[in-house]
Structures are given as C-alpha cells and as structure tokens.
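2 protein chains.
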Amino acid sequence: MTPSLNHAYAVIMAGGRGERFWPLSTAARPKQFLTLFGGKALLTQAVDRLSGLIPPERILIITSRDLVPATREAAWNLPVENIVGEPMGRDTAAACALACALVTQRDPQGVVCILTADQLMADEATFRQILADSVEVAMTRDAIVTIGIQPTYPATGFGYIEAAEQLQTGTVTRFQRARRFVEKPNAEVAAHYLAGRCHYWNAGMFIWRVAVMRQAIQQHAPHLLDLCVRAEATPSAGLDALLDAIYPALPKISVDFAIMEHVKDIVVARGSFGWDDVGTWAAVGNHIAADAAQNVVVGTCEAVDATNNVVISEGRLTALLGVKNVVVVHAGEVTMVCDRDRVQDLKKLVQQVGKRPDGAKYV
Amino acid sequence: MTPSLNHAYAVIMAGGRGERFWPLSTAARPKQFLTLFGGKALLTQAVDRLSGLIPPERILIITSRDLVPATREAAWNLPVENIVGEPMGRDTAAACALACALVTQRDPQGVVCILTADQLMADEATFRQILADSVEVAMTRDAIVTIGIQPTYPATGFGYIEAAEQLQTGTVTRFQRARRFVEKPNAEVAAHYLAGRCHYWNAGMFIWRVAVMRQAIQQHAPHLLDLCVRAEATPSAGLDALLDAIYPALPKISVDFAIMEHVKDIVVARGSFGWDDVGTWAAVGNHIAADAAQNVVVGTCEAVDATNNVVISEGRLTALLGVKNVVVVHAGEVTMVCDRDRVQDLKKLVQQVGKRPDGAKYV
Numbered sequence: 001m002t003p004s005l006n007h008a009y010a011v012i013m014a015g016g017r018g019e020r021f022w023p024l025s026t027a028a029r030p031k032q033f034l035t036l037f038g039g040k041a042l043l044t045q046a047v048d049r050l051s052g053l054i055p056p057e058r059i060l061i062i063t064s065r066d067l068v069p070a071t072r073e074a075a076w077n078l079p080v081e082n083i084v085g086e087p088m089g090r091d092t093a094a095a096c097a098l099a100c101a102l103v104t105q106r107d108p109q110g111v112v113c114i115l116t117a118d119q120l121m122a123d124e125a126t127f128r129q130i131l132a133d134s135v136e137v138a139m140t141r142d143a144i145v146t147i148g149i150q151p152t153y154p155a156t157g158f159g160y161i162e163a164a165e166q167l168q169t170g171t172v173t174r175f176q177r178a179r180r181f182v183e184k185p186n187a188e189v190a191a192h193y194l195a196g197r198c199h200y201w202n203a204g205m206f207i208w209r210v211a212v213m214r215q216a217i218q219q220h221a222p223h224l225l226d227l228c229v230r231a232e233a234t235p236s237a238g239l240d241a242l243l244d245a246i247y248p249a250l251p252k253i254s255v256d257f258a259i260m261e262h263v264k265d266i267v268v269a270r271g272s273f274g275w276d277d278v279g280t281w282a283a284v285g286n287h288i289a290a291d292a293a294q295n296v297v298v299g300t301c302e303a304v305d306a307t308n309n310v311v312i313s314e315g316r317l318t319a320l321l322g323v324k325n326v327v328v329v330h331a332g333e334v335t336m337v338c339d340r341d342r343v344q345d346l347k348k349l350v351q352q353v354g355k356r357p358d359g360a361k362y363v
Numbered sequence: 001m002t003p004s005l006n007h008a009y010a011v012i013m014a015g016g017r018g019e020r021f022w023p024l025s026t027a028a029r030p031k032q033f034l035t036l037f038g039g040k041a042l043l044t045q046a047v048d049r050l051s052g053l054i055p056p057e058r059i060l061i062i063t064s065r066d067l068v069p070a071t072r073e074a075a076w077n078l079p080v081e082n083i084v085g086e087p088m089g090r091d092t093a094a095a096c097a098l099a100c101a102l103v104t105q106r107d108p109q110g111v112v113c114i115l116t117a118d119q120l121m122a123d124e125a126t127f128r129q130i131l132a133d134s135v136e137v138a139m140t141r142d143a144i145v146t147i148g149i150q151p152t153y154p155a156t157g158f159g160y161i162e163a164a165e166q167l168q169t170g171t172v173t174r175f176q177r178a179r180r181f182v183e184k185p186n187a188e189v190a191a192h193y194l195a196g197r198c199h200y201w202n203a204g205m206f207i208w209r210v211a212v213m214r215q216a217i218q219q220h221a222p223h224l225l226d227l228c229v230r231a232e233a234t235p236s237a238g239l240d241a242l243l244d245a246i247y248p249a250l251p252k253i254s255v256d257f258a259i260m261e262h263v264k265d266i267v268v269a270r271g272s273f274g275w276d277d278v279g280t281w282a283a284v285g286n287h288i289a290a291d292a293a294q295n296v297v298v299g300t301c302e303a304v305d306a307t308n309n310v311v312i313s314e315g316r317l318t319a320l321l322g323v324k325n326v327v328v329v330h331a332g333e334v335t336m337v338c339d340r341d342r343v344q345d346l347k348k349l350v351q352q353v354g355k356r357p358d359g360a361k362y363v
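Those protein sequences? They're chains P and C, same order as listed. Read in my numbering, the first sequence has 12 at position 12, and its numbers run on one by one without any break. Read in my numbering, the second sequence has 98 at position 98, and its numbers run on one by one without any break.
Derived from the structure by calculation, the hints contain no laboratory data. Please note that a few of the clues may not be correct.
Given that identical chains are not distinguished, each listed pair holds provided it fits within a single copy or across any two copies.
What the hints assert, rightly or not - Here are the simulated lysine-lysine pairs, PhoX-like style, with alpha carbons at most 25 Å apart:
1. K348 - K361
2. K355 - K324
3. K361 - K347
4. K347 - K324
5. K264 - K361
6. K324 - K252
7. K348 - K40
8. K40 - K252
9. K252 - K347
10. K348 - K324
11. K264 - K40
12. K40 - K184
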C-alpha cells in the first residue's frame with residue numbers, strides 16, 4: 001500500500017428518497033438498502049468494496065438523520081460516530097463541506113474520497129486500483145480528482161466530464177485533465193459524446209485533500225465555510241445540535257454546480273469497472289438474468305405467454321398471462337404495475353400516492 | 001300466487017372450479033361465492049331473488065361436498081338438509097337426476113326449477129314473473145320449459161336454443177316451441193343467430209315436473225335411473241353414503257347433451273331481464289362503473305397514465321403507471337396480472353400454477 005493511502009478517507013453519500021425503486025424502496029428505506037443485487041444492501045457493498053484499501057475507521061457515511069439506524073445496521077462494522085445524519089437534505093455541496101470538516105478533524109492531511117452508496121461495480125479490484133491511484137494523484141497535486149465512467153451507451157440521465165490532455169503521472173496512464181463539467185445532454189449530444197470518446201459520465205466520485213476542499217469551498221461556496229469551520233471544531237456528541245442550527249438556512253445546491261463547474265484544476269480518472277447506477281426498474285434486467293421467456297424474476301412467478309417483464313415478488317406468487325413489457329413489484333401493502341418503458345416517470349406515481357390521505361404509509 | 005307455485009321447487013346448481021375468476025375465486029371458493037357484484041355472494045343473490053316466489057324450504061342447492069359449509073353460510077336461510085353435496089363432479093345430468101329425486105321425495109307433484117348459482121339478473125322482478133309463468137306452463141304440459149336469454153351480442157361462449165312457433169298460452173306470449181339445442185357457434189354463426197332473432201342463449205335454467213324429469217331420464221339417460229330411484233328412497237341422513245356409492249361409476253355428462261338434445265317437447269321462454277353470466281374478469285366492467293380513466297377498480301388504486309384496466313385490490317394498494325388493458329387481481333398470497341384480451345385463457349395459467357409443488361395453496 002502506498003503511504004498516501006494512510007491518509008485516505010472514504011465518505012459515502014447515502015441520502016436518497018427511494019422513488020426510483022418504489023415500492024421496494026421508500027423514503028424510510030431508499031435504494032442503498034435494496035438487497036436485490038448480490039444479496040447485500042448496496043450500501044453494504046459500497047463499504048465492503050473498500051476492504052483492503054481503506055479501513056473501517058476511515059470510512060464515514062453521511063445520510064439523513066432518520067436513516068442513521070438503518071445505516072448503522074447496513075454498515076455494522078463502522079464506528080458509530082462515523083455515521084452522520086443530516087437533519088434535512090441540502091444536496092451534495094453541504095454534505096461535502098461536512099465531509100471536509102469530519103475528515104479534517106481526524107487528519108488534517110486527509111484525502112477525502114467522496115463515494116456513492118447505491119451503485120454497482122462489477123470489477124471491484126479495478127475500482128480499488130483506480131481509487132488508490134486517484135488518492136496518490138490527489139496527494140501529489142492541488143487538484144480534485146474525479147472518477148469518470150467510460151460511457152457504454154448514449155446516456156441522457158448523467159452529467160458528463162469532458163476530458164482534455166493526458167496527465168504525466170508515471171506509469172499510470174488513466175488520468176487526463178478535465179476541461180469542463182457538462183449537464184445532462186439530449187440524445188443527439190449524448191450520441192456525439194459517446195462517439196467522440198472524450199466525455200465521461202460524472203458518477204459523483206471525487207478525491208481531494210481536505211486543504212483543497214477547504215480552498216474550493218472558500219472560493220466558490222463561501223456560504224458553506226461556517227459549516228466547515230464549526231463542524232470541524234465540534235466533537236461527535238455535539239454534531240447533531242450543530243447541524244440542526246446550521247442546516248435549515250443552507251441552500252440546496254449540488255457540489256457539481258457549486259464547486260466542480262468553477263474549479264480549474266480537475267483531473268479525471270478514466271474508469272471502466274462495470275459501473276452501473278441501476279437507475280430504474282428497467283435496469284434490473286442488466287444484473288439479474290432473464291429466464292427463457294425473457295422475464296426477469298426475483299421471487300415467485302408463473303407466466304403463460306408473458307415475455308420481457310420484470311417481476312419482484314418475494315413472499316407472493318405473481319402469475320402473468322399474456323402481458324409484455326411490464327414491471328410488477330410487491331412490497332408491504334403495495335403492488336406497482338408499470339410499463340417497462342415508463343419507469344423513468346415512477347416519481348409521478350409516487351408523488352400521487354403520497355398525496356393520498358393515507359399516503360405516508362405507502363411512500 | 002297461482003296454485004301451481006305451491007309445487008314449485010328451485011334447485012340451484014352450485015358447483016364450479018373457480019378458474020375464471022382466479023385468484024379471487026379458487027377451487028375452495030368458486031365464483032358463486034364472489035361478493036364483487038352487489039356486495040353479496042352470487043349464490044346468496046340466486047337464493048334471494050326467489051324471495052316471494054319460492055319459500056326457503058322449497059329451495060335446494062346441489063354443490064360439491066367440500067363446498068357444503070361455505071354454501072350453508074351463503075344460503076344461511078335454507079334448511080341445512082336442502083344443501084346437498086356431491087362427492088365428486090359428474091356434470092349436470094347427474095345433478096338433475098339427484099334434483100329429481102330430492103324433489104320427488106318432498107312432493108310427487110313437484111315442479112323443479114333448475115337454476116344457476118353464479119349469474120346476475122338485473123331485473124329480478126321480470127325474472128320472477130317469467131319463472132312463475134314457466135312453472136305454470138310446466139304444470140299444464142308434459143313439456144320441459146327452458147328460459148332462453150335473448151342475445152345482446154354474437155356470443156360464442158354459450159350454447160343456443162333455436163325457437164320455433166309461438167305457443168298458445170293465454171295472455172302470456174313469451175313461450176315458443178324449441179326446435180333444437182345447438183352447441184357453441186363460431187363467430188359467423190353467432191352473428192347469424194343474433195340477426196335472425198330465432199336463437200336464444202341456453203342459460204342452463206330448466207323448469208319441469210318431476211314426472212317429466214323421470215320420464216326423460218328413463219328414456220334418454222337410463223344410467224341415472226338408479227340414482228333417481230335410490231336417492232328418492234333415502235332419508236337425508238343417509239344421502240351422503242348413497243352418493244358415495246353411486247357417483248364414482250357415473251359418467252360425466254351434461255343435461256343438455258344427455259337429455260335436452262333428445263327431448264322433443266321443449267318450450268322456450270324468452271328471457272330478457274339483464275341476465276349476465278359474468279364469465280371472465282373482462283366482463284366485470286359491465287357491472288362496475290369505470291372511473292374517468294376507464295379503469296374499473298374495486299379496492300384501492302392509484303393510476304398515472306393508465307387506462308382501460310381492471311383492478312381488484314382489496315387490502316392492498318395497486319399503483320399503475322402507463323399500463324393499458326391489463327387485469328390486476330390480488331387474493332391471499334397471489335397477484336394475477338393478465339392482458340384484458342386474454343382472460344379467456346386464464347384456465348391455462350391456473351393449471352400451470354396448480355402444477356407447482358406448492359400449487360395447492362394457490363388454486
């Protein structure tokens with residue numbers, strides 16, 4: 001292990017509202033707790049895949065206050081004080097400022113790896129290698145390193161990072177200077193990006209020294225400086241009260257918009273390790289093998305003349321006749337039936353259900 | 001009330017396997033117990049609609065042995081000995097022979113109204129009037145009276161009765177001689193029948209004196225004579241044992257095929273009283289009003305961009321997104337999702353589910 005890794009901290013961002021995998025995920029049990037993929041919660045996988053690279057005492061999780069108990073359960077091997085609950089969601093810029101403070105408090109030489117809680121990475125060894133290399137680069141430069149995912153299709157659901165010239169970083173050739181962050185493109189632009197091979201998906205993973213973070217916050221998001229300074233000076237036991245005092249007044253703003261789009265020296269590490277954000281029910285088919293009739297089934301299902309469906313049916317029997325291209329998901333007292341091509345609109349349905357007089361018990 | 005009604009007995013045929021309304025109906029709870037339509041079990045409605053015409057002590061039900069307890073519950077106002085359970089299904093000819101015996105035992109002058117347990121009749125007063133008139137005709141002629149339903153669409157799912165000349169029956173003009181019983185037609189023939197106005201749906205309702213029944217059995221279904229004779233001589237307490245001894249050897253044959261197709265003197269009463277056999281989930285929409293999005297909903301449902309669906313969701317929330325023309329039904333541990341145009345194939349699905357190692361708990 002390179003010496004720089006002794007200063008490496010992972011801060012896993014684990015918020016989320018659970019709309020895209022409703023009804024299996026809900027506000028009280030968002031996507032990072034799903035065990036559909038690989039039998040372990042995505043959050044547990046996010047922690048476990050750091051094994052051998054970053055020890056549990058240097059892994060932190062920022063989640064929402066009400067999810068702290070469930071998060072402790074999913075990340076049972078972390079020290080309890082490493083799981084911090086925000087009193088309300090204020091998007092990723094605030095969470096990064098908090099991460100900066102929490103790590104600075106532990107190690108002023110710390111390198112913060114901002115990671116996500118609800119994504120899959122098929123080739124974890126390669127991910128770890130890239131993360132280790134990124135920490136090394138972040139230690140030796142005043143740069144923010146971001147892991148850009150090599151696009152495999154013309155996605156319109158992600159922001160992109162446009163890469164510029166290759167960096168000279170010894171034997172490792174995967175680093176390029178980032179020219180700019182770009183918003184989610186339309187289909188035409190996305191196809192152009194894919195063909196051009198100069199654009200990477202922004203997967204929300206950033207590796208930066210706390211000093212670099214602090215500098216970037218000071219320069220581009222000074223409204224977060226107070227949070228940085230005071231959280232750093234507050235012991236674990238007083239943190240909730242501090243956040244209660246500061247958070248309500250913070251604006252909701254993403255770290256991409258608040259910081260990344262303004263910082264000059266960003267380095268992108270080309271990532272190709274079977275990354276998937278499993279963004280919708282339709283994407284489940286990429287990770288769970290379909291049966292002979294092209295139905296993706298978790299749980300118990302019988303089908304007659306039914307093809308290309310996704311069925312999540314644990315504890316119930318789902319019986320299909322003649323239907324095509326539908327998603328059927330049972331959870332608690334809810335059954336969701338959705339056209340597979342409409343999964344991206346699930347949020348609308350969740351909102352409508354939430355407006356019922358008894359909506360709270362369903363979403 | 002005409003004097004002939006003092007001899008009128010209703011014998012309601014209440015077998016059924018529950019496949020067409022699976023999973024809400026099952027072998028243990030077939031269609032006649034569904035309370036979807038009008039809030040009362042169809043069987044209870046079948047009994048109740050005789051009110052004022054035939055008293056409970058002259059209403060009998062023939063069902064399968066295992067359904068006797070549920071039948072007693074649904075027909076709570078009938079004497080318990082009026083509910084008879086067959087040890088196994090031997091189709092309607094055997095049940096009619098049994099009906100003949102049960103009524104003969106009670107009244108050798110009896111007129112047996114063979115009725116069904118799982119159909120709807122919107123205009124019950126007209127039905128009662130037609131039944132009363134039919135009893136009158138059956139008393140005064142050596143004929144079998146059958147109530148033919150005036151077709152409202154070119155149905156291919158029913159057998160038909162072809163009507164001949166008008167009968168002279170005083171002031172009542174709805175009786176015609178039946179020329180013949182015909183099997184379920186194809187679509188072309190059905191359209192021809194509808195246009196010709198000489199064909200009526202065979203709804204399985206027959207009104208005949210026990211002497212006429214006995215004669216018909218003797219002549220056309222002599223294999224049932226033994227059942228007739230011995231059941232007539234057996235008191236209620238011994239009936240189960242007798243049927244256990246006789247039934248296994250009986251062939252499965254319908255009364256239409258065994259008797260009606262061979263009998264010369266059949267009279268058809270033209271029936272038009274909003275009869276519906278509610279044959280499939282798709283037909284539910286004829287009896288339960290659709291909402292603004294053309295979804296027929298019983299229970300709890302939220303829908304976004306979903307139209308023309310049938311949702312039976314009691315005790316669960318069904319949430320639909322973007323789906324069209326599907327039927328979703330929850331019952332116990334089962335959810336059935338079916339294309340609305342494929343409901344007639346539900347039997348295939350039920351059979352497949354039944355073949356599972358744990359199939360018995362679902363069908």
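(request) Up to 25 Å between alpha-carbons, please classify K324 paired with K252: within, between, both or neither. (result) The answer is neither: 40 Å in one copy and 38 Å across copies each exceed 25 Å.
(message) One pair to classify: K40 and K184, alpha carbons no more than 25 Å apart. Within, between, both, or neither?
(response) neither (30 Å within a copy, 56 Å between copies)
(message) At most 25 Å between alpha carbons: which applies to K264 and K361, within, between, both or neither?
(response) Neither: 47 Å inside a copy, 65 Å across copies.
(message) Within a copy, between copies, both or neither: which one fits K348 and K40 at a CA-CA cutoff of 25 Å?
(response) neither (28 Å within a copy, 37 Å between copies)
(message) Treating 25 Å as the Cα threshold, decide for K40 and K252: within, between, both or neither.
(response) Neither, since 31 Å and 55 Å both go past 25 Å.
(message) Please sort K355 with K324 into within, between, both or neither, judging by C-alpha distance up to 25 Å.
(response) between (30 Å within a copy, 23 Å between copies)
(request) Indicate which option fits the pair K347, K324 if close means a Cα-Cα distance not exceeding 25 Å: within, between, both or neither. (result) both (22 Å within a copy, 19 Å between copies)
(request) Go through the copies and call it for K348 and K324: within, between, both or neither, with a Cα cutoff of 25 Å. (result) Classified as both; 22 Å inside a copy, 17 Å across copies.
(message) If the cut is 25 Å between Cα atoms, do K264 and K40 qualify within a copy, between copies, both or neither?
(response) For K264 and K40, neither the intra-copy (39 Å) nor the inter-copy (73 Å) Cα distance is at most 25 Å.
(request) At 25 Å max between alpha carbons, let me know whether K252 reaches K347 within a copy, between copies, both or neither. (result) within (20 Å within a copy, 55 Å between copies)
(message) Reference check for the pair K348 and K361, CA-CA at most 25 Å: within, between, both, or neither?
(response) Within one copy only: 17 Å inside, 36 Å across.
(request) At 25 Å max between alpha carbons, let me know whether K361 reaches K347 within a copy, between copies, both or neither. (result) within (16 Å within a copy, 36 Å between copies)
Going through the hint list in order, the structure does not satisfy hints 5, 6, 7, 8, 11 and 12.
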